[in-house]
Amino acid sequence: MDISRGPKIIAVTGGKGGTGKTTVAVNLAFHFSQIGKKVLLADCDVDAPSVATLLGAEMRNGKEVRQFLPVFDESRCIRCGECSKACRMHAILQVPDKIPLLFPDLCLGCGACSIVCPTNAILDGKKVVGWIYETEAYGVDLLIGELKLNERESEAIIREVKERAMDLSKERRYDLIIIDTAPGAHCDVALSLKDSDFVLAVTEPTPFGIHDLDLILELANLLKLKHAVVVNRADLPGNHRLLKEICKKHSSRLIEEIPVDDNVVQSHVRSRPLMLDFPNSPAARAISRLAKEVWEELSL
Amino acid sequence: MKEVVIVSGKGGVGKTTVSASLGWLMAEQMKLVMVDVDVDAPNLSLVIGGTLKNSLEIEATEKAFVRYEKCKGCGICAENCPEEAIHMIGQKAVVSSLFCSGCGVCSIVCPEKAIELRLVANGRLDLYESPSGFTLLVGKLKIGESGSGKLVSEVKERARQVAKEKGADLVLIDGPPGAGCPAISAVSGATHAIMVTEPTPAAFRNLKRIFSIIRHFGANPGLIINKADLYEPIKREEVHFAEKEGIEVLGEVPMDDSVPRSLALGMPVVSAFPGASASLAIKRIFKNLVNYLKI
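Protein sequence lines, in the order shown, are assigned to chains W and C. Numbering-wise, this note's numbering puts 14 at position 14 of the first sequence, and it's gapless, one number per residue. Numbering-wise, this note's numbering puts 253 at position 253 of the second sequence, and it's gapless, one number per residue.
To be clear, the hints were calculated from the coordinates, so they are not data collected in a lab. Careful: at least some of the hints might be erroneous.
[Unchecked claim] Listed below are several chain C residues computed to face chain W (Cβ distance under 10 Å; list not exhaustive):
id, residue
1, Val13
2, Cys81
3, Gly104
4, Ile143
5, Ser212
6, Tyr231
7, Pro260
8, Leu265
9, Asn288
10, Tyr292
[Stated by the list, open to error] Over 12 Å on every C-beta distance to chain W, these chain C residues come out as not near it, computed from the model:
id, residue
11, Lys70
12, Glu83
13, Asn122
14, Leu151
15, Thr191
Note that beta-carbon positions come from the ideal geometry of N, C-alpha and C, so glycine has one too.
Let's have the full structure, built from the sequences with the hints guiding it.
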């Protein structure tokens, strides 16, 4: 691969929760690193990050992610209420002749209030909304975003994880960046998928898996991204015909099927890659076939 | 009226499986309104069935719109957009609606007053009446949309109204995964929050995260361990954690092929395979839950 073009970015997503996104992401990363690629694995499932847990890596000494939070300078505030009017989230209440009242839970951190304040009375309280951890496991560099408990601004963390990934990549010249996303098909997932070269949608053949696959493939198409479908626990009872129809509907292709395999749970409780401890297990063999397919896809 | 929300932290541990079966059992004994606020991936209707009676659009988010007859192409909006959702394409400011949070910074900084914010539909609310006599409300977020938390709050508000109109004893809410914005909105206001987990390291870690949210809002916590025989040592740790934190352990559901087979049939496991080991376990959990809720 031509390194001068920068790293290739693979996003692993899926729609439904618990389909095996993180298992696939972690083991693909490990596999590529074993065959000599420089790999960064970025966990963008910031409100339930599991990459570190699956690899037994510690999340310590995280770098704080901060976001704008208005703080009112009492001496400058003229109680005009412009900030309250500008805030579309209704996070600021102007009581006559009082300092504005802030509802921090509603604040998006956009800074509109400070832009409109005529007396520069709004300062940046720099609220900590989460952390980014940089570590390494089994030859894979890890970048993990974590949303602080009771905070809602997961997008701020995801944006920071992605920026940091690109910065690190300039230094370390990764061949591959693998992004693990949250379940669902909402804005956090859209932001995580954005700008990736290839999207892998990991699903299962159950009605829930198929229903949510339909949504995530629609999102990938809206973002004009190249995608393929991985069916995990492929031998679960389900509807394979419908699954293929959904793939066809979104011009996606079923790239690999991973069978139900007890070794996967074993690898989880050991917090080690499946491909390391059980390289010949059926699931591990499927993931190495998947890696080959993905690499071919990226080299096109 | 009791409001019970089912959450998990980690996705895919069996929230909907458990919710569907508990709802099915409850409907036999009491007036019930069920709600699916996993607005990104709402699946409850796939197993509960019912007839779609009503569907309405929900406008819970605003988006920026450029009035091109006024836009001079200065690019100040794009420079100031905190979401990086505006790009200059030629001499035109183009808003990527998917990434716009509706904060309005662009409309404030635009020297030409060429940007306005408009309410847009970011989701819908579907109302189903099920053959067994209960009402199911389903919130659905539009693909890639923001404002899931607001949509969750909106759907819950409607559910409370419907429950009042129908004289329901209980609102049972199937929540979203994670511990972010939609999960916070789902837990807020609930009298009881039941966590579903499985004995794996990732599920346990994220169980602790969602429990912190539950504690913050003061809902009475309960725990159900699904696929309980997956790994004994972590199951023991989870039970120990629950006891230490004052979480009511409502019971365990064993691994059972009947569960995926019932899902494939589009039925709650307790109705498809009432004698299966998972069904018997859920029936025991149901009894414990009824006692815990004091209904």
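In rising order, the numbers of the hints this structure does not comply with = Per hint list: 9, 10, 12, 13 and 14 violated.
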